[in-house]
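If you're matching them up, the sequences are chains A and B in order.
Position one of the first sequence corresponds to residue 1 (the numbering used here), numbered consecutively onward.
Position one of the second sequence corresponds to residue 1 (the numbering used here), numbered consecutively onward.
No lab work stands behind these hints, which were simulated from the structure alone.
Glycine included, C-beta positions come from ideal geometry on N, C-alpha and C.
Be a bit skeptical, because a hint or two may be false.
What the hints assert, rightly or not - Take a look, some chain B residues computed to stay more than 10 Å from chain A by CB distance:
no.: 1; residue: T59
no.: 2; residue: W63
no.: 3; residue: R86
no.: 4; residue: G116
Said to hold, decoys possible - Covered stretches of chain B, going by a simulated chain A footprint (3 or more residues, C-beta under 8 Å):
no.: 5; segment: 5-12
no.: 6; segment: 127-141
no.: 7; segment: 211-217
Stated by the list, open to error - Counterexamples of contact, computed for chain B against chain A with all Cβ distances above 12 Å:
no.: 8; residue: D35
no.: 9; residue: S83
no.: 10; residue: I114
no.: 11; residue: V150
no.: 12; residue: R166
no.: 13; residue: M169
no.: 14; residue: L182
no.: 15; residue: L191
no.: 16; residue: L289
no.: 17; residue: P303
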Amino acid sequence: MFFALRHPILRTALAASTALASMAATAQMNEPVKIGLLSTLSGPGAGLGVDIRDGFELAVKLNNGKLGGRPAEVIVADDQGSPDVGRQTADRLIKRDKADFLTGIVFSNVMLAVAPPTFQSKTFYISANAGPSQLAGEQCSPYFFSAAWQNDNLHEAVGQTVMDKGFKKVALIAPNYPAGKDALTGFKRYYKGEVASETYTQLNQLDYGAELSQLRATKPDAVYIFLPGGMGINFIKQFVGAGLSKDITLFGPGFSADEDVIKAVGEPMLGMFNSSQWGHDLQNAANRKFVSEFEKAYGRKPTLYAAQGYDAARLIDAAVRDTKGKLDDKAAVRKALEAAKFDSVRGAFKFNKNHFPIQDYFLRVIVKDAQGNVTNRTLSTVFKNHSDAYVGACNMPAL
Amino acid sequence: MNGILILEQMLNGLQFGLMLFLLAAGLTLVFGIMDMINLAHGSLYMVGAYLIASIAQATGSFWMGLGFGIIGSAVFGMLLEISVLRRLYQRDHLSQVLGTFAILLMANEGVRLIWGSQPLLLNAPAELAGPVEIVAGFYYPAYRLFIIGVGLLVAGLLYVLIAHTRIGMQVRAGASNREMALAMGANVPRLFTAIFGLGAALCAVAGGMLGPLLSVQVGMGESILILAFVVIVIGGIGSVRGALLGALIVGMVDTAGRTLVPLLFSALMGPVAAANAANTVASILIYVLMAAVLFFKPRGLFPTHG
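Turn these sequences into a full structure, and let the hints steer you where they fit.
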């Protein structure tokens with residue numbers, strides 16, 4: 001035996017087997033966590049998806065490329081804003097790429113198409129935007145978690161604000177599709193005054209001349225618009241050009257008045273009120289770091305979409321960390337996600353029993369800051385620890 | 001409903017119609033004279049708006065942006081014609097649709113690569129930013145009045161160009177009998193390039209005019225291209241006069257539909273039912289109009305080919 005240990009080959013073999021044994025223990029920690037980031041990266045909604053992606057990737061980058069101590073592999077895919085493409089791509093991410101988590105979808109109709117195959121395959125979905133009422137109520141799922149908000153929430157917050165500010169006669173404008181009707185329903189849940197007119201425009205309408213002259217004729221004291229993306233930009237430009245902003249106060253949800261819209265409209269937006277669960281000027285350490293790192297990395301101000309993407313990544317980070325990387329134990333992952341032990345950039349954040357956030361909603365207004373840039377300023381808190389209207393209908397199933 | 005509201009809607013319809021005309025004029029010239037279906041026409045409009053917006057931002061002057069943007073777009077259009085599109089003239093319409101659709105996709109991705117996915121800033125010049133009082137108590141956006149002026153001016157210039165110049169004569173000849181014009185014409189390739197450049201310049205004018213009203217973003221050309229095709233089908237392919245009339249009809253009908261149909265429906269069936277039905281009817285109105293025109297005049301209102 002005495003020469004056996006001296007034998008160089010045997011010694012190497014011994015050393016190698018010891019190393020292998022210790023590697024087996026850490027193998028799981030070195031294997032990457034796979035995230036399927038499915039978002040709208042082309043077409044009219046691309047700006048929103050790009051912000052979610054950039055926010056998510058920034059969080060991973062600041063974490064040295066890791067999530068919960070394991071290397072992160074983010075597979076970015078484009079749903080083109082289409083439910084069909086979204087469903088096919090989600091299938092590929094789950095079956096071929098074996099993603100541990102899916103995230104990133106912007107639009108609710110895409111979300112509703114992707115949800116059934118995702119939940120059936122027991123893949124966790126972390127929403128970075130879409131929050132359709134179905135998934136908050138009767139169709140709530142143990143595999144769905146929203147790091148954003150339920151679709152009605154921002155509209156409810158504006159409804160409450162318009163009430164608080166004492167406006168008596170409000171005109172409502174939204175595009176003629178399901179989310180448009182939901183938005184105005186959410187608004188009217190908290191606004192109890194007179195609705196001067198309720199207009200449903202064509203989806204992706206370009207010219208709002210007809211609607212603006214109706215506004216001039218009905219003379220409301222405020223107008224609430226739910227016009228996502230380019231529609232909002234078109235409307236606000238034309239609203240101000242028609243001189244209506246002098247007599248009518250403009251309200252919108254946060255995403256119709258965020259940095260991407262401000263960048264496209266500029267000064268005419270000054271004075272517009274909007275609601276958000278987040279603002280770039282919220283004073284907490286996580287947010288200060290997020291905002292400055294985002295501006296450094298991408299050379300533009302973050303939007304609430306970027307903040308949601310960033311928080312989605314940090315929620316996954318916390319869940320992987322708390323399960324010590326053992327993602328096969330679905331019950332443990334669910335428990336870790338429900339605990340949500342991360343510092344959200346929006347401040348207070350916890351999950352309701354339907355896996356939608358209980359969080360604060362703020363009132364923001366567009367102003368010129370000290371440097372002369374047009375930007376949002378957070379004014380006050382509209383709702384504290386607000387949840388959604390559908391949670392009662394959710395009987396969260398066991399895994 | 002009162003007189004002022006009707007007047008305002010008529011101005012809105014006129015302004016929207018004249019904008020459609022700027023797009024449709026180039027489209028109908030290319031279609032009528034070269035027998036070329038160009039789905040990338042909307043991309044020229046987008047490129048024009050992007051050039052104008054970025055030059056206006058860089059120089060701080062809307063007018064500089066407009067001037068250089070139009071020239072840039074015309075050059076871009078002519079380069080496109082020389083490098084790619086002239087290879088498609090001899091082929092059938094399906095090849096042209098596929099080829100120009102490819103250009104449309106590449107233009108969208110190219111613009112995204114250069115300018116990014118976020119919409120661009122382009123606002124009306126300060127002197128036109130507010131409303132003006134036309135008659136007592138009736139305010140109308142100055143910028144929309146300016147658009148009406150520019151639209152009428154361009155329509156007038158096009159009329160002079162086509163009815164009273166040598167190029168115009170060749171254009172008219174090409175539109176009514178292409179083969180004969182080709183046989184008689186001296187420099188047809190150059191004429192085609194010039195027409196394409198003119199079409200691109202008109203697109204840029206439309207993009208620059210509409211930029212302060214609409215979002216300058218990737219894909220902005222597609223939504224408006226469909227309307228431009230409706231206009232030239234109604235007006236008669238190849239006819240600039242038809243494009244003008246068709247554009248005014250579409251602009252007026254679309255605007256009037258969105259104002260009057262909801263009022264009419266809510267008077268007839270109550271506000272709740274009207275909210276759904278009126279929108280649907282208003283949005284299909286121009287397509288119903290197109291079907292009706294095609295039923296009675298299959299070649300459009302002002303056909304050029306006999």
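Results for each hint:
no., hint, verdict
1, T59, "holds (16 Å)"
2, W63, "holds (17 Å)"
3, R86, "holds (29 Å)"
4, G116, "violated (8 Å)"
5, 5-12, "holds (count 4)"
6, 127-141, "holds (count 6)"
7, 211-217, "holds (count 6)"
8, D35, "holds (29 Å)"
9, S83, "holds (25 Å)"
10, I114, "holds (14 Å)"
11, V150, "holds (15 Å)"
12, R166, "holds (38 Å)"
13, M169, "holds (36 Å)"
14, L182, "holds (38 Å)"
15, L191, "holds (33 Å)"
16, L289, "holds (16 Å)"
17, P303, "holds (29 Å)"
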